[in-house]
Structure formats: structure tokens, C-alpha cells
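Colleague: Residues per chain are reported as follows:
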Amino acid sequence: MVSRHHPPMHAWTAGLLFLLVLLRPAYGEEGAAKESPPKASMVEVPAGTHRPLFVPPGETNSVQVPVFRLDRHPVTNGDYLEFVSQNPKWRRSQVKRIFADENYLRHWAGDLEPGEAAMSNQPVTWVSWFAAKAYAQWQGKRLPTVTEWEYAATHGFSTLDGSKDPEFQAAIRRWYSTPSPTSLPLVAQGRANILGIHDFHGLVWEWTADFNSSLVTGDARGNSGIERQLFCGAGSAGNRNPSDYPAFLRYGFRSSLKASYCIHNLGFRCAADL
Amino acid sequence: MKNTLFKVFLITLLIWSAAGPVDAAEGQTVATKPRPVDLSIKGEEKAVLTQAPFVPPPITRQHATKVIVQLEVIEATRRLADGVEYVFWTFGGDVPGSFIRVREGDLVEFHLLNHPTSKMPHNIDLHAVTGPGGGATSSFTAPGHRSQFSFKALNPGLYVYHCATAPVGLHVANGMYGLILVEPKEGLPRVDREYYVMQGEFYTEGRYGEEGLQAFDQRKAEDERPSYVVFNGSVGSLVGDKAIKAKVGEKVRLFVGNGGPNLISSFHVIGEIFDTVYQEGGVLPSQKQVQTTMIPAGGSAIVEFGVEVPGTYVLVDHSLFRAFNKGAVGMLKVEGPENMLVYTGKEVDAIYLGSQAEGGSEAGRKIAELEAARRKAIQGDETIAGLTKEIQIAKGKQVYLQTCFVCHQTEGQGIPEQIPPLAKSDYLMSDKDRSIRTVLQGLSGEIVVNRKTYNGVMIPMNNLSDHEIANVLTYVRNSWGNSGDAVSAEEVKRIRSELPKAVTTSFE
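Protein sequence lines, in the order shown, are assigned to chains A and B. All residue numbers for the first sequence refer to my numbering, where the first residue is 1 and numbers rise by one. All residue numbers for the second sequence refer to my numbering, where the first residue is 1 and numbers rise by one.
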């Protein structure tokens, strides 16, 4: 799968996954060190049915999502400063290059000084998937799955089904057709959805636990033969709603990522089981 | 077992050595994969990229080389029309994307850079590529990252390239397209001017001209109802000061693309006829004398035409509401002298009174002026059909007054005892061929004209053209009491060819 597009990286990826498995106990200990993770900032997302954008052949076109908790807004620079203060190996100067590329926290002034370009209430960006995952574990949480994130994000401002909320749809379109500002807005400034969750559409892209599990191929029209299940090509076949271009953009964006990437408009929020 | 382990070890080593050398310039770890050596490739060069309407210079080298193309994706808010802005996704900063020119057989090393401020990942599908996705599967690039792939330009032609990231229609609708020319080994015929014009349409929430930053409208895109159809990325990009230019007598080549994403273009230049069209961007001239050529979405055409008359020629999509109401208008400004024989300009602008019109009216006067101007124009061009004896006489008089009158005098009377007369001259009128020979090779020795003997010298006038000699002889044979038939340029040419080479020099 990966090897088709990035052949030499296959070995890397496999190696990294292997290393991750080795390192996991260490993260677990860090997580345990913080005894009561602050869950007040989390919102309960009720169980429900979600219709994913891509439906693998032979499967029903909706999935049941059990109840879970999700952060009210993306993790901020302030939150992240606390994390790196307590976890030196995630500081910019000490992070292992295989876990975060050269851009890791590049907008921060120093290891423990976010500085003027990274205000405390701005969402943290320039962080890798590995870093986001470590942060979540340190909090005793986890990253949401694509299904969880997409499901929670379909809730409108005033209706459970955002597709029937014109204001909500307009707000989504506005964000997707606006370039990222040089300086990101603060978290939780945008209108919350009906569940009380902010910033799904309008602030930053967000990492998910399985960001690369439903790959859109590099070539958006590829959708053939044996690779179909893996790639779920974003051609017209196999997807629920070709008009939902914001969803395509999200899937497309996720598919372009590798776990070590750090990007200016990519942050994350945490999830947790009930 | 040991053997197997050893093999695994070796393979691992190979994979590790193939992955991740450090690119010193960027300080970034990049993954590269070893490439087989292509012996036909000599040297390397960096591609010259140009923004529309300009085209990189023709390729003059006679061998294949490695061409490095570096194209940066930039998302930026730009002007779509006066007062109207749009977030364009671009290859190289503008719509359409940079023009790429390579030669058939070249190895193209393609670097796609996605600017760190981009919101979206992007890739590139070049229709010139032979391979999966036209390069799209190898160039999917997150913001702030870069990809590299190489391809051999096997097929000459003019090809569209575009982004193929999901949703592909949106990426194209936002301006992600451009042209790559794979020039045939033998090159294209020489022309004086080359320009790059690419059509595309935009689907905005607001109607055409509605001011402000306009968002993309998915519904309009699905319905194929664009608010804008434009050349080179915005309304007015080829108009006024930004019009493309040429001079009278030049040959112009347009590389025309259509990015779409939906519409087929009926490409037309008002007031010109394409001498040659390379339909659909292929390398064979497919048709001559074409008024309007059809360019599919994701396709191209090469059109060539000479410009004979000065003025402004308007480029349109001849689906005319697109031109008049949605912006599909460009201009070619041609400077140079008027040519009344090809085009007169407006000849008559007068009140028309139907049956009440009278002779001597303003219209009548203008028509008379027009006739005079036309006669003058015709006299100025001897190559056109209908060269009459009268015209030859008029033109011949000009030659006479420059070349002959000093000796033979303005009325052909000559100078007594020295220069024989041409007026009522028996010597002149009795032998047409001799008179032609006389002009060509001169004359010396004794001759008798009208019963008088002359013994002078006339120098050869063979620097005059066949036409000039024919005209001047027609003039003298029909002036001052002479009356004869016209002398044709063909007769002069024949006699000139019969003369010894040392004496005559053709200036034809």
C-alpha cells in the first residue's frame, strides 16, 4: 500500500512501527504519572450512526459509533508547553527525528518558550502524529479515529445532522475556500456545534489515530482492481456523496501525511472512552 | 536458514542505502530511488519556465538532455475581475501554471514543491507523461513538502498538466492547470511570435461581477454553469496594456490550452483565419484556413497565422455569451502600415436615404473618394491581378521621371544632335524587342532616328527590375504621339535571359 507510492519508505515505516511497539510501555508510564487527566474540557459525544464518505465494497454504508468523549477544542500551545515541560524528550531540541520532522514546533521561540508566534490560546501546530499521540497518552486520552472525528464533525450548529443546517454548511464552505491565515485564530472563538464542540471546521486540520487508514490515492481518480479496498480511491465510485467536497478535502489532506510530518495548519484534539 | 538470514540482511542494507541521502541545499532528508542510466541523455539543464502569455524560447539543441523542472504550488488570493477576488490554487503563482518547454526524448526530472503556507496537499498529472496517473501517483505532496519523479518525454505535442488530488474537479476549478510543450526533435517551423493562452472557468457563489472575495460554488460546478470563463486566469488578463502584440507581416503562433474543468472551447480570433491548426495539440498540421477550432477540456491546440493588417484582433470563445458576459476575451494588437488591398478600414459612413438618395450626396462623394483611394492602392501593387496598360503607363512615368528624362527630356523630345527623341520615334516603335534590349544593355554607335543620324552612348539600365522596364517602355510607347501595345515583365525577363551574363544582372 504505502510501498506503491513511496517505495523506499516502506522499510522506514515498518521500522518505525516496530520501534513504536518497543517504546509503548514508556509512554504508558508517562500517562500513569499524571493521575487524574483533566476531562472537564471534554464533551460527551452520544452514540449514533455515521455514514462514512467511503464505503468499502460489500459493507453497509453506515457504521455504529459508540459514545465517547472529545476535547471541546484543539490542544493549545499553552497545553503543549506543559507537556514538553514534563516530557523533555518531546522538546524541540531533543525530539527524535524519526518521530517528528525538521519543522517540529518551528514557530516556537525555544524549547520551553512558545514566544510571540505561538500564543497560549492558539491551537498548537507543527506537531507530528507521534507527538500528538504521546501528548494524548500523557493526558490519559487517545487520538480520535477518523470515524469518530468525522461523525462528531457532522453535527450542525443547531441540528444533529449538519447537512440540514444551511448556516453550518455555509461556515464550512467559507473555511475551505479561505487560505490559512499567517497567524491562526484562538481556539473556541468560532461558533460551537450543537454538542458544544468548537473548531471542527474553521481553525486547523487535525490528526486522527488512523489518519492513513482510508487512503485516497495520490492520484484522485485511481480506483481500480485490487487496490480498491486499500485506497478507496476518491473517484466517483465507492464514495457516498461526491458533492461533499469539504469531506474530500479532509480525506485528501490526511492521505498526504506521514506520521512524522509537522505542518503549519495541522493540530489535534484528544478523545477518550467514557 | 543462515543463508536466508544473510539474504535478509543484504536486502535490508540495500533498502537502507537507497533511502534517505541528505539534500545539502535544503538540509532535508529526502528519499530517492536509484534510476537506470539512459545513454541517450547528455548533460542537464534547468527548465526555463514562463508565466502566460509568454513562452520559453524554442529549443535549439540537437540532443536529448536531463531537464530539471521545479514547480511550486502556491495558494493565493488574487484578482478574478475588477473588485472580485478568489482563492486560486496555482502551479507557479499564476493561472494558468508556468509554461514548460522540453524536447522530445528529454529526461524530465520533476520537482513539485508545495509551499509551507498551503492549506491543501497537491500533486501533478502531466498529460505528457507515459506512466500511472501521469505522475500524479508519484507527486502527492503535503503542505511544506516536496516530491520528485522523472519521466522521459516520449511523445511530442502540446499537453495539459493539472492537479489530480481529490476532489480533482475542485483543484482544477481553482486554477491548477497549465501547458507543457514537448517540442518535436526537428523543432517547430520558425515564427516571429509565440504566446501562451489558456482558457478556464470559475464557479463562484456570486454572479459575474459581484464584488468581494468569492467562494467556490459546488452546485454551479456540478451543473456546469460557471460565473466566469476567462483566458489566462482572470477577466482582462489579455486586454489593453496586457494585450499580446505583433507587427504587420509577422507570423504568430498561439499555444492554446483549455483547463476546463468542464467546458469545451470554440476558440476563435476575430478578424483572422488560422493558416495552420495543429488540432488537439498534436504535431501534425491537421488543417489549413480554419476560422474556429475546438479545444476540449484538458486539451490544447496550436494555431499559426500571419498578420497582414494593423489593428486589434479579439480572441474569444465563440460560445459568445462566455465572451460577452463571462470574460472570455483577449486581444492581439498588430502594429504597422495599412494595407488597403487586404483591408480598407471603414469606407463609407453616411446617411442612407433609400430610394431618395441622389447623385452628389455625401455618400456619393465618399464612394468617389473611396474609388480614388482604391485605384491608388492598386497602382501601388503590381503583383495583383488586373495590371492594366493604364496602370503600367502611370507607374512607368514614375520610372521615366527618375531615370530617363535627364537625357530624353520630359516630353521625349531628346536633345538635338546628341540624344535621339522618343516622341514619335520610328526607331523606338518599329522593334519592341530591340527597345527592351537597349534599356538592358545600353547602346553605342551610329543609329538613324526619324531620318536623323545620332552617334552617342546610352548606358545600360539593367539595374531596373523587369516590371520597371516593362512599365517605362509601356509609358514611352504610349506617350507624346506614340501609340503601341504594352510591354510585359515576362517579355523583359525573356530578353534579359538571352543576353550574355557579363552584360546583364538580374535584380528580380
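Hints in this document: simulated from the structure, not taken from any laboratory. Some clues are possibly wrong.
[As the list claims (entries may be wrong)] Here are some chain A residues the structure puts well away from chain B; computed CB gaps all over 10 Å:
id: 1; residue: Asn61
id: 2; residue: Pro66
id: 3; residue: Gly110
id: 4; residue: Glu113
id: 5; residue: Thr159
id: 6; residue: Ser177
id: 7; residue: Thr178
id: 8; residue: Pro179
id: 9; residue: Ala188
id: 10; residue: Ala192
id: 11; residue: Gly196
id: 12; residue: Gly202
id: 13; residue: Ala209
id: 14; residue: Gly252
id: 15; residue: Phe253
[Stated by the list, open to error] Pairwise CB distance ranges, derived in the manner of DEER restraints:
id: 16; chain 1: B; residue 1: Ser40; chain 2: A; residue 2: Val63; range: 50 to 60 Å
id: 17; chain 1: B; residue 1: Arg61; chain 2: A; residue 2: Val63; range: 50 to 60 Å
id: 18; chain 1: B; residue 1: Leu320; chain 2: A; residue 2: Ala192; range: 26 to 36 Å
id: 19; chain 1: A; residue 1: Ala170; chain 2: B; residue 2: Arg61; range: 50 to 60 Å
id: 20; chain 1: B; residue 1: Pro58; chain 2: A; residue 2: Ser120; range: 54 to 64 Å
id: 21; chain 1: A; residue 1: Lys89; chain 2: B; residue 2: Arg61; range: 46 to 56 Å
id: 22; chain 1: B; residue 1: Asp223; chain 2: A; residue 2: Lys164; range: 39 to 49 Å
id: 23; chain 1: B; residue 1: Pro57; chain 2: A; residue 2: Pro88; range: 38 to 48 Å
id: 24; chain 1: A; residue 1: Asn61; chain 2: B; residue 2: Lys333; range: 56 to 66 Å
id: 25; chain 1: A; residue 1: Arg51; chain 2: B; residue 2: Lys333; range: 52 to 62 Å
id: 26; chain 1: B; residue 1: Arg35; chain 2: A; residue 2: Thr182; range: 31 to 41 Å
id: 27; chain 1: B; residue 1: Pro132; chain 2: A; residue 2: Arg51; range: 54 to 64 Å
Every residue gets a Cβ at the ideal spot worked out from N, C-alpha and C, and that includes glycine.
Colleague: Which numbered hints turn out to be false for this structure?
Modeller: Going through the list in order, the structure violates hints 6, 7, 8, 14, 15, 18, 22, 23 and 27 and respects the others.
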